[in-house]
Each structure stands twice: as C-alpha cells, then as structure tokens.
Amino acid sequence: MNTVERRGRRLLRAYPAAYRAERGDEILDTLLESARDNRIGRREAWALVAGGLRVRAGQHRRLTTAANLRLATLYGFVLWIVLAASNELWLVALPREESNTYLDGHLESSTVTWNYEPVWPLIFHLVTGTALLALVVAAWFARPRIILALGAVAAAGVLPWHWEGSPTMLLIIASSVVLSRGAARMPRSWLWPLALLTVGRVLVNAWFPLGLPMLPALLMWIALGSILLWTFFDGRPLFGLGVFVAVIVGLSQVTALTRPGGSSAGPLWEVLVVPGIGFAFMLPGLLRIRRQAVL
Amino acid sequence: MREPTYFVLASLLDGPRHGYAIIKRAEESSGGRVHLATGTLYTALDRLVGEGYVTLVSEETVNGRTRRSYGLTETGATALRAEAQRMAEAAQLVTRAGEAARVSTRARTA
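Chains as they are written, first to last, in our numbering: chain A, 19 to 313; chain B, 166 to 275.
Here chain B stands alone, though its shape is the one from the complex (with noise of 0.2 Å):
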C-alpha cells in the first residue's frame, strides 16, 4: 500500500470525510509530512472505492458545487489494520535489532 492510500484509509478511521477534510486530515495525522494534491486524493480515492475499500457516504451541493463525503468500510478498516501490523512489524525488526546492539556494546564496555 502506498503512503497516501495509507493516510487517506487512516483519515477516515474516525468516520466519513469530504476531499478537503480528508487532506486536512492526512496532514494533521503525518504531523505534515503528508499533503495530498487533490488530484492524487481522488486517483486514490477511485481505486479505494473501487476495492471496496472506501463508500461513498452522503452528497450534498455546497455553493453550486457537489460535495461526496466518504467513509471507510469494513473491508478497507481490515486491509488498513493489516497494513499497520506490517509495518509495526518490520518497524520492531529495526528497533530490535537497535536493542540487541546497544545491549551487546554496553557487555562489551563493562
């Protein structure tokens, strides 16, 4: 899963978001280290919806314009899941093995 697909599936963890919001959001989350274009917002959010991750929630017409808010669905709350384990997981082999080395160098030093 690429990084903006992670941060848009995690901006919607706590419930259904508009373009804009999910941006705000994605931001806000990667302490902002993430800032989606709005073209790569709705690139993700095509193919999320069309796995089944993501549902179209509600719709309504803000100052002439569509508004589509979206909402995670169970599907795409378990791929989201799964995709943090992954990395926790290959996260903890990094700091494990940081561990393991500062244990063995203070063995050494002592």
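Only chain A is shown next, with the shape it has when bound in the complex (with noise of 0.2 Å):
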C-alpha cells in the first residue's frame, strides 16, 4: 500500500463503516486514477470528507422537500421530549428503593419520570426505527404506565400537575407518532446531539450540587454549535431545532399566559422573543433542506 492509498483511506473513513464496506474499494479506486501527480490534492480530499458526512447526514439518498420538513419537525419535538424526559432520567440511576422514596416525596412538586418513563422507548423507536430496541427499553422501565392515559388524565385535571406542559406533551406525542408514519428515518448522526443535551441536563439536575456547573452547560453549547455546523451538510436539524424553540417552547409561554389562575409571561412582545428566535433558526434550515431536495 502506497501513500496515496494510505492517505485515500484515511479520508474514507468519514463515511460511515457499512457504506465503506460497500463501496470503500470501489471509490479508492476512482480516488486513484484520479490523483494527479500521484498525489490527492486539497480540493479532492475535501470533496471525500464532504461526501461522506453528506452520507452520514443521509444526504445520498434524496428526499422531497414534504419528507425533510415532516423529518426536521419530528426532530424537534424529539428534542423536546428528549430534554423532558432527560430532566429526570437520573433517577433511573438510583436503586430502584431510593428512587421510588424520591417519587413518594416529590410527587406533589414535581413532574418526576411518571410522566417521562414511558416516552423513552418511543423516542427510541423515532430515532432509530429499531422496535427490539425499543422493546429492550420497555422492558427496562417495566412500569405499565400509558403515555396517552396519563396525558388525558393531566388534561382533564384530575392529577395535580404543576407543569402546564402536560397537554403540550400528549399533542407533542400524538403529532411525533402521526409524523413518524413514513419510509424515511431519522439518520443516526442526529443522535449525538441528542445525546449531548441529555447527558447535559442528567448533569444538571444529578451533579450540580457536586460543583461542576460548567460542564453541563458545556455540553448542551456543544450540542447547539453541531447542529449549527451541521447544517452546512443537511439543514433538517437546525430547522427541528427552530421548531423545538419557536413552537414548543412558544406554546408552553402561550399556556403560561393563558391558563387561570396566573400568568409567568410578561408583556406581549417578551412572548415573542422567543418563537422569533425560533424562526430565525428555522429560515436558514428551510433555505438548506429546498437546495438538498434539488438532484
């Protein structure tokens, strides 16, 4: 193996591994012919590492301009579901005793994993399209709890839920499962955000007293700054995160201000700050995900 190669399959390994395994030979080869001067210049090399995030991003496969947005807003209400749920998923690290001690205490004040546990093995299922893996999950939380019950029941107002976000959560779900209906997933690269802002926010809440503040927000800047990078290969993450922030978070101040019995919003415009924020995310991705759906 001659520099040359050795160089070409460094750069390939910015595809992912069972794309390499595939067609790795069958591009070397190509890359060979095509290095001038026996060499592979800056613009080659550049256009490799391109092309195999472009793959990671699932961006060798076209989809319509319909199929990104429905998969760009799915993403963000995943993203909501993922910071709601992994607000409390340290719990699951306690023994099973504490954390039920836990439950019991701060039931009255807290939205705690009733409401979350079971929407973990649906985000899997969203994410990866994998239902054994789901299962696995499932199996994990083992608490025959309903998703959809408990959301009816919080929005009836039967249980005290001091969150207003309960009514939120069944539509986010309800419209996650409506959207989900589709051939196209979600490629995996998009789990490393996700996985970012969890273990950010487990940090948070599980950590902060242990003096590391720092490293959680860290992590979810992190998170934040590779969705933003990432949109120059594939403008669907930035613009789930628009809607995560525009409309999710737009519509829980809209609860907040409209509920009775009190509002936490201030005036009108500080109630539009933040879903304007949301769409300033949202144009630069909509703008991308119209160029990826051109062959």
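Everything labelled a hint here was simulated from the structure, so no lab data went into it.
On a predicted model such as this, the values are computed, not experimentally measured, just so you know.
Every residue gets a Cβ at the ideal spot worked out from N, C-alpha and C, and that includes glycine.
Nothing false has been slipped in among the hints.
Chain B stretches covered by chain A per the calculated footprint, using a threshold of three residues with CB under 8 Å from any CB of chain A:
#	region
1	175–187
2	196–204
3	207–217
4	230–236
Pulled from the structure, derived: some chain B residues nowhere near chain A, Cβ distances all over 12 Å:
#	residue
5	Leu-258
6	Arg-261
7	Thr-270
Put the complex together from the two separate chains, hints included.
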C-alpha cells in the first residue's frame, strides 16, 4: 500500500463503516485513478470528507422537501421530549427503592419520571426505527403506565400537575407518532446532539451539587454548535431546533399566559422573542432543505 | 438539476462507464470546465441510482479493488433530455432578446 492509498483510506473514514464496506474499494479505485501527480489534492480530499459527512447526514438519498420537513419537525419534537425526559432521567440510575422514596416525596412538586419514563421507548423507536430496541428499553423501565392515559388524565386536570406542559406533551407525542409514519428515518448522526443534550441535562440535575456547573452548559453549547455546523451538510436538524424553540417553547409560554389563575409571562413582545429566535433558526434550515431536494 | 448531476448523466449517454471514466468524460464534454471530485461523483451517483436515473451495469475486480460501471436508464435519459430542453429554452430567451436588440439598433442607425 503506497502513501496515496494510505491517505485515501484515511479520508474514507469520513464515510460510515457500513457504507465503506460496500463502496470503499470502488471509491478508492476512482480516487487513485484521479490522483494527479500521484497525490490527492486539497480539493479532492475535502470533497471526499464532505461526501462522507453527507452520507452520514443521509444526503446520498434524495427526499422531497415535504419529507425533509416532516423529519425535521419530528426532530424538533424529539428534542423537546428528550430534554423533558432527561430532566428526571438521573433517577433511573438510583436503586429502585431510593428512586421510589424520592418519587413518593416529590410527587406533589415535580413532574418526575411518572410522565416521562414511557416516552423513552418511543424516542428510541422514532430515532432508530428499531422496534426490538424500543421493547428492550420498555422492559428496562417495566412500569405499566400508558402515556396517552396519563396525558388524558393530566388534560382533564385530575392530577395536580404543576407544569402546564402536560397537555402540550400529549399533543407533541400524538403529532410525533403521526409524523413518524413514513419510510424515511432520521439519520443516526442526529443522535449526537440528543445524546449531548441528555447527558448535559442529567448532569445539571444529578451533579450540580458536586460543583460542576460549567460542564452541563458546555455540553449543551457543543450540541447546539454541532447542529449549527451540521447545517452545512443538512439543514433539517437546525429547522427542527427552530421548531422546538418557536413552536414548543412558544406554545408553553402562550399556555402559561392564558391558563387560569396566573401568568408567568411578561408583556406580549417578550412572549414573541422566543418564537422569533426559533424562526431565525428555521429560516436558514428551510433554505438548506430546499437545496437538498434538488437532484 | 445541479451541474455535476447533469454532466454525470450526459457522460453516460453513449454507454455505461465506471467512476473515473465518468469524471474524464464530464471534463471533456464541458471543455475542461467541470472537473468532478471523487466525493462529489459518488454522492451524485448514489442519488441518481436512488431516483432510478442510473443503474449498476457491471462489476469487476481491478488491482484487487471493485470497479462498478453505471448506465443510463430510460427514466434518466428522459430527465436529461427534459433538462437540456429547459436549458435550451432558457438560453433562447436571451439569444432572441439579443437578436431583437441588434435588429432595433440597426434600424435606428439606418
């Protein structure tokens, strides 16, 4: 193996392993033939890395703008579910007896895992499309609570839910189920920001007393930064982030403003700031998505 | 249709080709203007195969590596002709307008 081939193989690592196993040799063959003066130029190297990242972003298959928007919106909803669920995920790490004690003690003042545990199998199913994995996650939690029933109870105001987001959650989950119907799936590369946000959120709750306040914030900024940078290859996660901020956070604010018995929101213009930021994310995402649909 | 995609399809008009042959043909037919990078070519090929415009024709092993040849499908040829027609009509808008402007200038100076 000469130097050019070694460099070519190194550059090919930008592609996912499964794709590399299928097409790597073929791409390498073409690359070596096009290598002028027996070297891989900077433009050729960048195109190969960009090609690999596009495959990781699922851009090697063309989807219509409508299908891309469907997945992007679904991602926005999943972002919300992940953030909400990971808020209390650290309880899962506790021994069952301890977490039950915690739950009993805090049920009145917290939404805790009661709301969110059943959501995790759904997230796994939405993101990976793997029913088996979803079942394993469901077995892990092993509590026969059905989110729709809880949501309906919450919406009816039977339980003392302290947060106005429960009916919103029911709406978002129902919408996610509708949006997840279709052949196209989210690429696995979209899982990274979700994982970082989850870890950051869990650390906020579980480790904050240990004196690591900067780490969760850093992880969240890395997640947001990676979504912004990824827009160079795929505008859908940024659009999803925009949906999350504009629609879901905005909706929560409107709910807070309009629910009987009080309002935590300020004047109208303050309510519009957050949706405005969301739309500012959605616009570049949308422009990129429109370009992605061109053959 | 993007320019690289157009030239990849056009390079397959006179028969199936493998990766490097597509790059060479696209460069020749564009007068050296379009030089497809390998990464760009395979992204375009993947999308074209997915759309049914291009199909895998043959596969052989050269120097211990897989070499695949791709050919244009009927759908791909139709799409290419439609794109060429669209571009020709767009170009005519400009060339006709240029011709009309020249005629009007000649009439004014006469």
